[in-house]
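Undergrad: Letter by letter, the chains look like this.
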Amino acid sequence: MISTPHRLSAALVLMLLTAVGNAETGTGIPRLANGKPDFSGIWQTTSPADYDLEPHGPRRDAPPGAGVIDGKSIPYKPEALERRKQNFSVRTTNDPRLKCWTLGVPRSVYYPEPFQILQRERDLTLLHQFGHQVRTIHTNGTQHPVEKGQEFWLGDSRGKWEGDTLVVDVADFHDETWLDRAGNFHSVDLHVVERWKYLDANTIEYRATLEDPQVFTRPWSLTVNLHRNRDKNAQIIEDYCFTLDYDQHYPPRKN
Amino acid sequence: MRISISTTGALLGTLLVVGSAVAETTPTRPPRSSWKNETSYPAIAEGKWTGKRRADGQPDIEGHWSNTIANHNNWTDPQGGAPGDNPRELGPRESRAPSRVTDPADGQLPYQPWARAKQQEFAAHFANPTEPRFIEPLARCAPAGVPKSFTWHGYEIRQYPGYVFLLFGSGSRLIHLDGKPHLADNIKLWNADSRGHWEGNTLVVDVRNNNGKALLGRTGDFISENAVIEERYVFANDGKRFNYVARVTDPEVFTRPWTATIPMKHWTEKDPIHNWHYEVVPANGRPEIDEKYEQTCVENNAGFGGGAVGVPRTDAIIQR
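Protein sequences appear in the order of chains A and B. Reminder that position 235 of the first sequence reads as 267 in my numbering, one-by-one numbering, no gaps. Reminder that position 42 of the second sequence reads as 79 in my numbering, one-by-one numbering, no gaps.
What the hints contain is simulated information worked out from the structure, not anything from laboratory work. Predicted model, so just to flag it, every value in this text is computed and none were measured.
Listed next, the in silico DSS-like pairs over lysine-lysine satisfying Cα-Cα at most 25 Å (straight line):
hint, chain 1, residue 1, chain 2, residue 2
1, B, K89, B, K302
2, B, K225, A, K286
3, A, K68, A, K192
4, B, K329, A, K192
5, B, K329, A, K180
6, B, K89, A, K68
7, B, K225, A, K264
8, B, K329, B, K277
Which bits of chain A does chain B cover? Going by a derived footprint, with three or more residues having C-beta under 8 Å, they are:
hint, stretch
9, 131 to 143
10, 268 to 281
Every residue, glycine too, gets a C-beta built ideally from N, C-alpha and C.
Assemble the whole structure, with the sequences as input and the hints as a guide.
TA: Right, here's the structure in full:
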């Protein structure tokens, strides 16, 4: 008479093991013909990361957030912390996003507008709705350009696979992008290592480790989940919002 | 990049500097292509595709492409210069590339009288814009739009199941092959809304939702925000060329539909680098692969272009 509960629990254990197995081996996730995870799709975070990466309570310009960084605060060097405080005080007017400029990396990933990943074996193209950002992550064995100091707004992205995790080294940045709406910032010496990993077929765990010896005392990391947009009408619609200042002048109209 | 390739496109002085900087990174190849823009081009017939196919069945036409005749100076006399250019010896009209307008046969845009007057007013003010509406929008870093993007620098085509992606010098277009319907017609966009399918060697794209703001070139030629464009990208089976054929129906501006034809050449790693048509760098670690860097423009805080001036912007534009 004890066989039924035994069978039930055995079945339950099997189910649990299968679930864990799925998460760890990524079975059931989309894959390219070469077997690598296929991240194609429209993605967006639900986290309030772009308002402030650090833990923060509700305020006039931001919903509360538990923080997406490891630890409680970004490890700024003292003089950099002063600059961050200054940025925070002028955030509602000076955030570069307000001009619709390219947001940079990693901010473009957790900015609250969708982006579409188009993927080939040789690269991933990240088509961001906001502004005119298109980022290519090369996965064809190529390295960062020989010519340094080009100061790319999105950095230069070179990826490689560690199992089912896409690890992207991003380097050679411009220093005019912010990391969020709260004025967190970096210098041209920013170096980002991203880790993109499926948690399930509709969720990517995105982790970025940032180092910048001019600004931070040590490397630090943030993690957000990206959710596949499965809305019926989901599609990227261009948002070249930097044109909104002058677009009313065109085209000519019949008087 | 702090100074982008696209920004330098019309800043001739800077162009030379950046051009040679790019060349320095490519010691194994001739620094400059000797390519000369064409004054005529071959017809390509629509028909079967016998070339390479992708795993999803699409004809494989990925890579770098550029038009073979001219930039956006002048829509109907492509090698005739922009309005207000210093007079030079142009020679007879027949010595230059034909009009991009291939129907009507006279090569002229069949404007309604009011629209012709607007175009001529723009052309007269282009070199010395006295009002914002006379500044060519590309000079302010606006996307080059449909179809002008095909006349401005080389561009890249990337293909995916369900999509063809066009990455231009200013802006990008995702052509849906997924059978989904167009956006609602009240949504108007610089690069419009593109829904396409393949017919043999021809990519057929229905283009709507065009905001008409990009204009067609420095001559001030234009279409309205209700223009409908049927694009036919007719690829040669050897993969070396295609002709872009666009039928424009826009009764608000024109007396009849008209057709544009723009010839294109495929640029590959076998070609020398060209500082307008093929602005690439051999990849580090795999020099047999050419790659293009990111495009920026508005971030450089200055526009560009001919007699027009960009309008740097230092304060907020959006409230979201």
